[in-house]
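Take a look at the letters that make up each chain.
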Amino acid sequence: MTVAVVRFPGSNCDLDTLYVLKRVLNTDVQLVWHQERSLESYEAAILPGGFSYGDYLRAGAIATQSPIMKGIRDMARKGKPVLGICNGFQILVEAGLLPGALLRNSSLRFMCQWTMLRVESTASVITRRLEVGRVLRMPIAHNEGRYFLPENQIEELDRRGQILLRYVNNQGLCNDESNPNGSCSSIAAICDRTGNIIGMMPHPERASEKILSPFHSDDGLLIFRSLLSQIQGGMTL
Amino acid sequence: MFLSLTRDEKALVQRQLGRKVTPLEWSIIDAEWSEHCSYKSSKSLLKELPTKGARVLLGPGFDAGVLDVGDGYVVTIHVESHNHPSAIDPYGGAATGVGGVLRDILSIGSRPIALLDPLRFGDVTKSGHSRWLMKNVIRGIAEYGNCVGIPTVGGEIEFDSSFESNCLVDVACVGLGQADTLVYSQNGRPGDQLMLVGGSTGRDGIRGATFASRNLTGNEKDRAAVQVPDPFTEKLIIEATLEAKEAGALRAMKDLGGGGLACAVPEAVSSGNCGADIDLSLVHVRESDLIAEEVMASESQERMLYVVDPKRTRHVEQILQRYGLPYSTIGHVIKQKVIKVRKSEKLLANLPVDLVVQAPLLQRRSLKPKSRRVQLDPPRSPTNMGEIVLQLLASPSIASKSWVYGQYDHEVGVRTILKPGAADASVLRLPNGKFLALTCDGNSKHCSISPGLGAEGSLAEACRNLACVGALPIGMVDHLQFGDPGDHEVFWSFQQTVRGLSRYCRAIDLPCVGGKVSFYNEDSDTKIAIKPSPVVVVVGLIDNKAPKLFGFGLKEVGDALIIVGSTAPELGGSEYYEQIHGFSGGKVPKVDLRNERKRIENIVKIYREPGIKSVHDCSKGGLIVTLAEMCIEGGLGASVEAEQIPAKTRQIDELLFSESHGRFILEVNRKMVKKIMKSLEDQGLPVACIGQVDDGSHLRLKYGGKTLVDLSVPEMKQRWAEAIPRLMGDIV
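Top to bottom, those sequences are chains A and B.
Residue numbering for the first sequence follows my numbering, beginning at 15 and increasing consecutively.
Residue numbering for the second sequence follows my numbering, beginning at 11 and increasing consecutively.
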């Protein structure tokens, strides 16, 4: 039961993600260089945050041409969990494994701040152990995190339970002020139709130890634990 | 060819070589003897700074200072600036400044783990040019630091019209390594291969070191002296270099910064008492028609020079190939202490290493400026104290900087425990369970009135910042920024600054482990030098494996507010004089050096006591601004009796706005007040209970039976938080 953390040139949350899985959660985890083609021996893959290929051309675009994407696609086909965090989300969108696009933040600036996120659906491997309406605290750090999808498709995404997390305010409500980057419908995380491929802009690996959180929370662990319980249980949704 | 060497220097070179000097040799010497690389004006004075200490493994004169933090771990630290490039091209200049200092930390074999950025701009409330500089400098720092994945965890910003065209863009980097695997530059041996790794060499940044060693001209052609940033390549270099280092394949290394190959090659071999033989036709270049002088002097970014054990070159090549990094083996280390530069078969330079790296020092004259006309009638104390406090909170130097640090990824690396804005210093965790506190400070307004006292004060404030998170200062690096050293008054202020820093370091036993000097900072139009701007970066250690760590926001209604330290009539250079009265002059705060060490140590000790809820030092804006910041951050009110403040004055504006050093405000649980006060009194420190935390969400201050300040916390917060976004056009 090994988790792969895929390392692209320019990934920079790879070691942080590895650290949390290994040291905090005691999981069997390995870094996998992007030039590998196969992920067959792994049960799940995480595409970590960072600036793969310097975000040159478009965030996540060049990474989709890496050999490892074949392994990712094979995994996805087999229903094994694939979690893209931040730049990983951007890569999954660019690869067409998740719908929509991630555009420049509406502020036109890089934003690094803690956010509150409401669980919208449990139809994914990272939220299946959570309850709808629960509010989690995790930080974001991105320049291109404004999720975009045409309105009619957003409705469909919502109906299918593919919207996993939304940015909310102190009262747990969505409004313009609680939406840090101008995402359509305040979306922070989504999944594909199977619930196995997930993209999220917030960083759970930065929110997995109380000491790192200004709120003494460790909500990031809920995301990782949910994912791990899935592969430990060997179930698919 | 334009050379910045003086006539005497040229004559000396000719005399020593006793033969005709080739054009390439001239350009090598010109780069290495520039002020930027040789410290020829400053070196003899810098020797006055104390550099020894129990934790110091490597002091000034190297790529980075090295401090022992226990259990085999070391922290490395260095500071650089990119003032001239940033004044011309703020985005590229600031970004490449970050890149340069990261490679300094890497050169010694440590992993960069944090960046801090002290910045100085003109008056952004009036100048669109300064706002443009600020916006793009910050974007440059953010995009580079964020992309390479090194958190920017701190910084500070000052605004003053003397920086209008010559902004100051400093960047400090802290690294983490292990004492037994550091890479020291003296380790190269004859036969070792010299590998040039990373970005290809092009025309960008040609002669940047000499560009930095003269005054800005406002000439558009200077833009070619600014390099082009490529953080992606930098990230690959960091990972590949650390991997090659872990494999034990690197004997020594040097980053390519100011002076390019012309400086890196001699510096990589000189401390090992060796020479080098290189062939420029082997260098991987961006443009095929570069002449030898250009290849040697190019400051193209993201390049490292490795000194590799010849038996391990294959291994290093494999690592570089895996990361897709270009490289070329350009020569080797030789026993003879000379630098030989060829292009194919042709020998173009053959210079003794000692001649290249030992520039003759200059004896600069210093002259105390004639005492400036001191205004005899300092501004009269105004009556609308509340409005003044609001104005100060909204002045850019004091206002919230979240617009700035919100653009920096300060969390990557999962080490940042106390984050920017929450406390006086940022705190990172270390792998041995201890904690590292980082801060930087400078005060050009104090320094322009009294360079010596201002320098002492900047260091004092930085050390207080560390004490406010429970950390003892263990080492500092300084960045000394001045005008033209040939100006006797400028040089006098430089001399006073170094002496001030030395006095403070000796008083609290703080070693200086590195630094940088940047001269020739002056306004390109008026030719007036910038205000003297020493900036210090100080690291502190929390030698306690499970400390409670907290910021300065007020925590609980009913707690007592205690002040430590005495307030003196010292409004010179204060934000109050400068911002409210537009008055520059008066008496600058003086550090009580005799008691400083005791004071710092006691605050560090007190921080660990139960019942202490927050600690904040008094600095820019004075005591009332300190209190306001504690209210804003904690979202609670406070009521204070100004009569209780221990002071050498009873004049209200001096009580509230004086920036006297050595003062802290503590929030203390009621039950612990007596005990805490007694322990501080026993040490002979002035201490008084001046008020308490209120639930009324107002900051109230009474004096002589009258309420002089009564401000709602949300209103203060709004003015303080919105000031910079409003200036930068984000709130209209």
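Careful, some of the hints might be misleading.
Pairs of lysine-lysine, DSS-like flavour, derived with a Cα cap of 27 Å [claimed, not checked]:
no., chain 1, residue 1, chain 2, residue 2
1, B, LYS20, B, LYS444
2, A, LYS224, B, LYS444
3, A, LYS224, B, LYS411
4, B, LYS615, A, LYS36
5, A, LYS224, B, LYS615
6, A, LYS224, B, LYS623
7, B, LYS558, A, LYS224
In case anyone wonders, no lab produced these hints; they're calculated from the structure.
* **Numbers of the earlier hints that this structure fails to satisfy, in rising order** => 1, 4
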